[in-house]
Every structure is written in C-alpha cells, then in structure tokens.
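Peer 1: Take a look at the letters that make up each chain.
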Amino acid sequence: MFRPGIFLDTFQESFRNKMFLFFFIVASLIVGSIGLALNMDVVNGVMRGMTFFGSELRVPAFSVKQWVESFQSGLAMFVGTFGLFLALMATSTLFPLMLQKGSIDLLLCRPIPRWRLITARFAGGASIMAFNAAYLFLGVWTVLGLKSSVWNHGFPESTILAIFAFVVLFSVVMIVSVTTESGPAGLLAATTLLVFSPVLAAHEQITPAFSSELYRHIFRTLYWVLPKSAETIGAMRRLIIERPLELNWVVGTSFIFALVCYIGTVVYFTRKDY
Amino acid sequence: MDLEAPLDCLSGGAEARHAKPSRKHSACRWEIPTRYNFPMPAAFEVRAVFKTFRHWWSRREVCALRNVSFAVQPGTIFGLLGPNGAGKTTLVKIALTIAYPDQGEIRVLGESVRNRSVLRSVGYLPENPRFPAHLTAWQVLRLYGSLSGADTKRVDANAANWLERLDLAGWRDVRVSKFSKGMNERLALAQALVHDPDFIFLDEPTDGLDPPGRREVRAICRELADQGKTIFINSHILAEIELICDRIALMKSGEIVEQGTIVELTSNQSGYELVVGVSNELRNWLHEKMLPFTAVDGHLHIHVPDRTSANSLIDALRAKNVEIDSLNVKKRTLESVFMEKVL
Ligand SMILES: Nc1ncnc2c1ncn2[C@@H]1O[C@H](COP(=O)(O)OP(=O)(O)OP(=O)(O)O)[C@@H](O)[C@H]1O
Ligand SMILES: [Mg+2]
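First to last, the sequence lines map onto chains A and B. At position 97 of the first sequence the residue is numbered 97 (the working numbering), and the sequence of numbers has no breaks. Convert by adding 1000 to the 1-based position in the second sequence; the result is the number in the working numbering.
If we strip away everything but chain B, and leave its shape as in the complex, we get (with noise of 0.2 Å):
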C-alpha cells in the first residue's frame, strides 16, 4: 500500500470513523481538516491509521486501531489515555515501526516513519522492558545509544548523567539481571533519552516505580517539554497524566473518543448542587419533585443539572422561606470524564 498516496478518510468524519478498513480508502483524496492545521509542524501526526491483527491460523481479527487521526505539537507534553486493550501501545509500535498499519500513515517530526532515519531523534521506553541480562547498566546505554546512532562521547557524557540524575549511578557496573523492578524502569527510561532524542515515547512511564521515582520522572519531563522535546506519554493513571501533561487524547476500543487540554476536558460542568438545612417537610416537597438529593452531616445536598433549573429550584425554596446555605457549581474530574467517555 502506498502511505504517501494522498487519504481522504479524516474529512469524512464519523462515516470514515466507523468505516471498516479496507484498501480502497487509499485510492481516494487526502485533505487535512482545519482541526488539525497548527501554525507550526506537528511533531507527531497521525493520519487515518487503523490496524487489525489477523492470525493465519485462525480466524480471530483483533481490530486495534480504528481510524486513529490526531496531531501533538511540539514542546508539549501529550497524554494518550485509554483502558486496557485500548490500542495505546499498538499506536506508538507503529509510530516506531515495530507493527506496521494496514492503512494510514504516521509522520514523526514532520518525517514519514517510513523513512526509518527519524528514528535517530526517537527515544522509546517500552511497556515492559527487558534488557540482555548479560549487560551492565553502562553497557546497556552504550549499546542502545550506538544503536540509535549518536557518537560514542555523546552517548558515554549523557550515560553518566543520567545514571546519575536517576539514582543509578552506584549501579553502573552491575548486570542488569541484578536489578529490581523500578531499577530497570529508570535504566529504560535513561535508555530512551540517552541518544538525545526530540522525541519521547513513554509507554506506562511510571510503572514499578516509587512515588519519588515518579515524581523526578514527571521532573524530567518538564525538564525536555521546557527544552523543546516533545514528549507522547501513555498511561491509564488519571492522576499521573492530570499532573504532567498538556494535552491529552482518550482512547477507547481503537478510537479516538476525546481531546484536549485537561481544562477543556473538564471544564464542562457537570450541574449545581446547592445545600440547605434538614426539614422533614422540605425532603417531602423534593420527593414529589421528584429532585435528587443526598442527606449529610443535616444537611440536604440538592442536584440539579443545568443554571435554568438552579435558578427556578432557589425561586422556590425562597418562596418557601428556606435558608439556602451554599451553592456549588460541579467541575468534572478527569476521572469521570474517562468513566463517562471510556467506560
């Protein structure tokens, strides 16, 4: 299949979103939808990728990506959020060539990741690492670094430093069969910043790691997305990515489901609670209004899901002559957009 042949399937919306793939969506224009035009190059952009893994031996289709589009600009931290089986990692395996897409394409720093040369300002800590055992920390950085391409002096100068900056120093002539769960997170993570790269892949990032670890990891992170790197982050803990990231995308069953920037995404309310003292009358009068309410510590929380209604419900409990003793307008968490839009 011809990546650089021009797609039309983003323009076309939910139809192409919930279209099977099939090879003659290759055949037809390519326009880029105004959403994802960005004053700068992108420094990732996928376009109208979808994957499915086909067994020869069996029947058994797993359709892991779906008409997946989306941009990250660069010196920003993205957030890819999704449930398990998502497809998270499927994406970022294509975006570094380890899977290949049935259709679509993935640009990386303004690159098609068909030229393989881009991968040199890559740097990639996968799900669950696993490095030859028969190498020490040293030389596992030596290795992989060599093998991105950097110089040797390079690749030794920012070894040391991130050994050092990752608690890892102490460990540098030690075989990495030796090493704990979270130690061999942080030598993955040295490993995928070790050739210098603009961009970072981070796959589960945190995973192993004690809350210090995370917390220098989410340091670090800043660190680059200050120094221009652009950082692609996947997760499922809400409260990790709510921290670090600029912007986030959720992933469900292969689409993308939501976008934005943690404010945009909850920022939608989500009602008016308002709170009043306790009377039996008053529980009685919001039975038969058939109104919403929780009973705690005497008081009596009311929900109410939009202005009109909250306006309307305080009208009435003044006319009743009852104190209204706050109001409270109900933010979403991130955590319940993702139940809400994944779940």
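Pulled out of the complex, with its shape left as it was, chain A reads as follows (with noise of 0.2 Å):
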C-alpha cells in the first residue's frame, strides 16, 4: 500500500520552515514585477523601447521574438545557476533532520522498508523545487507571450532541464549528506560539482595544455565521470533561442551519476545501523 506519509510530511515542513514559501515569493515577485511593471513599445514587430516600473529603458532594435528569447534566456542562466545554488541550500537540511537521533527511531520502527523512507523524502525534496521551477517559468512565459504574443516552446520546455539539474544535484546532496549526516557537507559537495562543470565542460580546451597524458586522461574521465551541470543549464539556452542540441550525451551521463547516487545512498542507508 501506498503511503504518501513522508513526501507529504516533507511538504508540508517545507511550507511551516518558510523554504517553500520562500521561492514561492521570489518566483511570484519576478512573474508579478513582469506583468505588471513591464510596457514593451512594439512596432511593426520591432521594438522601438519599454518601461520598466514607469522609466523608460532603450533597448536595440532587436525584432520581439529576438528580445522576448533574450530575456527569457537571461532569466534561464539567472535560474540555473544562483536558483539553482539556493534550492540546493535550502533542501540540503532534509536528511540531515530526518537523520537526526530520536527522529530517525521513530521512522524506521515502522513497516515501510527503508528504500521507500529515504525514496519520500528525496521525492519530496526534488518536487518542491519542481513545483517552483515550473510556476516561475510558466509564469514568465505566460505573461511575457500575452504582452509581446511571442509564445515560443523553447522557454517552458527548458524547465525540463532545469529541474532535471537541480534533481541530479540533489542527488549529490543526499548521497553525502546522508552518509556524513551533515547538511553543510552535501551543499558544499554539490556546490563544487555545479562549480566546477563548467571548467570541466572545457576540457577540450583545457586539455592539450597539460604536460601529462596521465593528467589528460584523469581530468577526461571526471569530465566523462561527472554531472554535467553547465551544460545542462547552457543546453537550456539553446533551446530557448532554438539552437540545435546535442543532449543524449550531457543528459545520459549526468543521469547515470544522480542514479549511483541514489543507488548507492538506498545501499547505505539500508545496511546502516542507527
């Protein structure tokens, strides 16, 4: 039998720790600031200028579709990289609190196996940030296709990867902050990994400039090893301005990873004696 109790329970310790309602505030903040503050002058196609909380912005003479992609890809960068970093910091307290001594007795003296336990609450976690991600995108979307009529699929589809992102980095988050039962060991893990990808996404680039084929082959292998967030995030911006995508590769192995993780933390969290 199904029981959503956890999931549920994570939800609901979101809204009553304010993290939900956080990004629910900021996500309708930045929806709301669009629709209502923002008067785009629309001529012929072009823009000719816009209005932001009543001042007058000069924007280029980019055609609508042009300025409406641009701006929703700006967003998407914005998103994909400080939201992402705060999404990660505010759910990486969830299994460290649901490990906590006295808490995780309470949980595991119950006749649910413990994969299904650590499963809720990952699924909890990773949907909150869904339904945040897909509110903010759908939102912008929608407000800014009703002022300009540019009601593109790049935008809304690209959210997609932005929680598919997020999920993988969770992933990261719970493998150690379940294993090292602390909150601020997983951010700062899935942290670095968000940091580095990038550098890491460069590595034809960088490559050829080590001295060692050993070198060469350690940093291809972390690149071929690990998440690979930056260009999940840039892959979104190609969408957006509807560039072509070469995701299977990017998508397949950062999926790969988040599954090890997951994997790999059920293993342990299974075996564990609390």
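Worth flagging that the hints you see were computed from the coordinates, not collected in a lab. Every residue, glycine too, gets a C-beta built ideally from N, C-alpha and C. Keep in mind that a hint or two might mislead.
As the list claims (entries may be wrong) - To spell it out: a stretch of chain A is covered by chain B in this simulated footprint if at least three of its residues, at any positions, have a beta carbon under 8 Å from a beta carbon of chain B; those stretches are: (1) 92 to 102; (2) 110 to 120.
Unchecked claim - Restricting the straight-line Cα-Cα distance to at most 35 Å, the calculated cross-link-like pairs of lysine-lysine (DSBU-like) are: (3) B/Lys1178 to A/Lys272; (4) A/Lys272 to B/Lys1252; (5) B/Lys1153 to A/Lys18; (6) A/Lys18 to B/Lys1181; (7) A/Lys101 to B/Lys1153; (8) A/Lys101 to B/Lys1341; (9) B/Lys1178 to A/Lys18.
Join the two chains, each given in its own frame, into one complex according to the hints.
Peer 2: Have a look at this one:
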C-alpha cells in the first residue's frame, strides 16, 4: 500500500519552515513585476523601447521574438546558477533533519522498507523545487506571451532541464548528507560540482595545456563521470533560442551519475545501524 | 547471514555465552533449551543475539550484545534492567530493525522481525524522542499512526483518546517545538500506542515525567497488560521496575546475568540478624568470635550468613543467659541484587 506520509510531510515541513514560501514569493515577485511593471513598445514586430516600473529603457532594435528569447535565456541562466544554488541550500537540511537521533528511530520502527523512506524524502525535496521552477517558468512565459504574443516552446520546455539539473545535484546532496549526516557537507559537495562543471565542460580547450597524458586522462575521465551541470544549463539557453541541441550524452551521463548516487544512498541507508 | 538457519548457540550454555561472535555459529544446529519452552508462544523471543558496533575508520569495537537469549510471555510487563551502556537500547533497536544483529534472531509476536510487516503491531517509545518541530501534537499522532499502517479513523479515535488520557488534550493543536520535556515524553507515549499495537517497547518511559505522570504511565502499562498486550520496558530506575514489572532480566555489558520474577530474584535470603541488648562483655565475646555486628540505639545487631550459624549463635547466647530481643530474616532488595549482579 502506498503511504504518502513522508512525502507529504516533506512538503508540510517546507511550508512550515518558510522554505517553500521563500521560493514561491521570489517566483511570484519575478512574474508579478514582469506582468505589472513591464511595458513594451512594439512597432511592426520590432522593439522600439520599453518601460520598467515607469522608467524608460533603451533597447537595441531587436525583433520582439529575439528580445523575448534573450530575456528568457537571461532568466534561465540566472535560475540555473544562483537559483540552483539557493535551491540546493534550502534542501540540504532535509536529510540530516530526518536522520537526527530520536527522529530516525521513529521512522525506522515502522513497517515500511527503508528505501521507501529515503526515496519519499528525496521525491518530496525534488517536487518542492520542481513545483517552484515550473511556476516561475510558466508564469514568466505566460506573462511575456500575453504582452508580446511570442509563444515559443523552448522556454517552458527548458523547465524540464532546470529541474533535471537540480535533481542531479540534489542526489549528490543526498548521498553526501546521508553518509556524513551533515547538511553543509552535502551542500558543499554539490556546489563544488556545480562550480567546476564549466571547467570540466571546457576539457577540450584545457587538456592540451597539460604536460602529462595521465593528467589529460584523469581530467577527461572526471568530465565523463561527473554530472554535466554547466552543459545542462547551457542547453536551456540553446533550447530557448532554438539552436540545435546535442543532449543525449549530457543528460545520459548525468542521469547515470544521479542514479549511482541514489542507489549508493539506498544501499548505505538500508544497511546502516542507527 | 541466514537468520532462519538453525542456530545452536543457546544450548551451548556458558561456553557459547562467552564465545566471540563469529560466522561459524550460524552453521551449527539450533535446539531450544527447555527453559525457553513456554506453553504459549512467546510474545518476544531473543535467540543468541550478538552485536558488535564497528567503525570502518577506527579500530575501536564495542561489543554491545553477547549471546543474549530470553523470552517474554504475552500479556506481561517485562523489565530489562542494566547500567548505562549495558546494551538495553541496542537490543530494542535490533528488535525493531533500527539496527541489525551480527548473529541470532529476534521474534516478535511469533514472527521473525525480518518480516517487517509484524512491526504494524508493535509500538515504540524511543529513548530521546524527537518529533518534526513543525507538526502539532495531533499531526504527530496522525503521521506516525498512518506510517504504522493503521487506518485513519482508528488513528483519529485513538489519538483523541490518548491525548485526553495523557493530559495533552489542551495542547492538541500546539506545535511540538513549544512542548516541555515531559510533554514531549507523554506525546511519545501516545505515539507508541496510537495504532493499537499488541507489543510495546518503552525505552526509559518515565524519563522527564513528574510523579503524577509516572503514576499514570504505570497505570496505563497495567491496563494494557490486562488487555493482553505485552510491554517491554528498559530502565535503570529500580523502584519503577519493582512496581510494575511481572518479570525482569538484568543485563551487564551485553549479557543477561539474571532473570526471573521480582519475588524469585529477591527471595534468596541474605542471612539473619539477631538483636540483643548491649553489654561490654558481649562485645568482647563477639570480637573474639569475629562475628560482625553494629550497635544501634543500645542494641547490638549481629549478622550471621545462614540458618545453621544463626542457631548456633542463639544456643551460645542463651547459654550465656543473654536475652534475644528479636531475630530477623534479611531479604534481598532489588537494589542489592542489582548492585551484586551488575556492578
Ligand atoms: N550506533 C552505535 N554505534 C556505535 N556504538 C554504539 C551505537 N549504539 C550503541 N553503541 C554502544 O553500544 C553500547 C550499548 O549501548 P546502549 O545504548 O544499548 O546502552 P543502554 O543499556 O541503552 O544504556 P543507557 O542506560 O545509557 O541508555 C554502548 O557502549 C554504546 O556506546
Ligand atoms: Mg538506553
């Protein structure tokens, strides 16, 4: 029988500790300020100017479509870096809170397999962020669409990539914070991967500078094994501005990495004595 | 390791008890010694459980349980006594699959705990319960009740009932982060009972409770036992245990060193005490005979270890024309048994 207890409780917890509220309010502010304060001056499909909170901004004479797409990709980059970091920070306490002495005993003594407990917690954390990301992207897309009549499909689709990038790094938070029982350790591990992913992504430019073949090999292997967060976020931009995408490799290897983290956590968690 | 595999370690007696845990035990045959055969199937049965905590990064090993075996009959209140670090909590955690044994098997309500579904009928009050701070008392009971697999209607009815009974009705919709230690403990007890379990583990249930609270807990335990439920209490508060438990076991450094009813454990006499009037002549004589005595309020209390020496002493005193004021049989208290066996 499916018991949604832990899954729902994760939501409830995020509501009560204002984490959910924080993201929801930030997303609402972004959507609201675009909706209420942004006025575009469009003449024959070309942007002539715009006002934001009443003040006039000079914009290059892009077509509306170009302008909307560059706005959307800017927002996507912001969400994919700063937003992703905030989301990881907010969710990094989920596992250590559950594993505290005295609370974990109350969960493990139930007739529920351990993998289900940890999976429900993971799914809860991921869903909170997925909901907020979807709310932000769809909100911005709708408001911009209503104002400019540009209804591109790349922007709403890129939400899936944003959620994917989060879920992959969240699995890193999970394995590290479950094994070390420390939230900051999990956050640190995931942020390190996020920060180094652009460096690894540039391996083709960087490796020729290495003196030894061994280093080149190690660097390439790291690129191959570790999640490709930078490329996933980069792919959001390409999707929005309708450039060709080569996603299979990036998504595939990142997914395998996340899966390994998940399986590793489940194996560790189901065997550990608490 | 196959826990269903026959194990023989119980019948090995003292030899097996002191044996170091090793894989080879699981290969030998399992025979249940007669003293573990109860007419009714036991509600709780521990068979040759070993547990050593190891950390992969250090060489330190803590042997928490060594060949622990005993059984608890249904409808009784069982107390596991032992000093700090004896392994009481570890045993309960293994019974609840919170930790895993190196060897041996635990059966609750006739089923191996490897079959987790039996945990539906088990309630647990942990040592230092901590609830999610964002929940109210009512939400705590609903969450844990439903996680235990009970249906919502029953959980709601029981939750209201237990909150009332444990003086928390007025705190139903208050977040647990605002609770005092004792209130938290009461809520933890309600949580252990909210899904109508047939077997209840209480780890230090009266920790942090005021005297009326302790009394209420004792009354609840007795009522539950009268309804046929089995209660397993971990404690080192001897007075508490003495008041409620039908049977107890003493645990020391991971081993059961003594078990039985309180009457059985304390029935052994610890000698006799003769009370006679004080006289210098008598004092000197007692010194000469090397008999231990204490002088209290103008009387000498002479201690003798057994009946034969008590009779000889009486004969000798009467031959000297000493009047005997009283003769007392000295009973052991649970505390003296505890001190003797466990410390
Ligand atoms: N998770 C663990 N990891 C390592 N060692 C542990 C763990 N849990 C318990 N121990 C060790 O096992 C031994 C028994 O501990 P346990 O908690 O069972 O004692 P206890 O009898 O319940 O004591 P108390 O009366 O203080 O509650 C202790 O030496 C303790 O350090
Ligand atoms: Mg304990």
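Peer 1: Each hint should be assessed against the structure and marked as holding or not.
Peer 2: Hint-by-hint comparison with the structure:
For a cut-off of 8 Å, the count of residues in the segment 92 to 102 of chain A with a CB near a CB of chain B stands at 4, and the three-residue condition holds. With a cut-off of 8 Å between beta carbons, the segment 110 to 120 of chain A has 4 residues touching chain B; three or more are needed, and the interface restraint holds. Note on B/Lys1178 and A/Lys272: the hinted pairing holds, with a Cα-Cα distance of about 32 Å set against a maximum of 35 Å. For the hint pairing A/Lys272 with B/Lys1252, the CA-to-CA distance comes to about 25 Å; that is within 35 Å, so the pair holds.
Of the supplied pair hints, the one linking B/Lys1153 and A/Lys18 holds, its CA atoms being roughly 30 Å apart against a limit of 35 Å. Taking the CA atoms of A/Lys18 and B/Lys1181, the gap is about 26 Å. The hint holds against a cut of 35 Å. Between A/Lys101 and B/Lys1153 the CA atoms are separated by roughly 30 Å; this keeps the pair inside 35 Å, and the hint holds. Taken as a hint, the A/Lys101 and B/Lys1341 pair is honoured in the structure, with Cα atoms around 31 Å apart against an allowance of 35 Å.
Restraint check for B/Lys1178 and A/Lys18: the C-alpha separation of about 18 Å stays at or below 35 Å, so the hint holds.
Every hint from the earlier list agrees with this structure, and none is contradicted.
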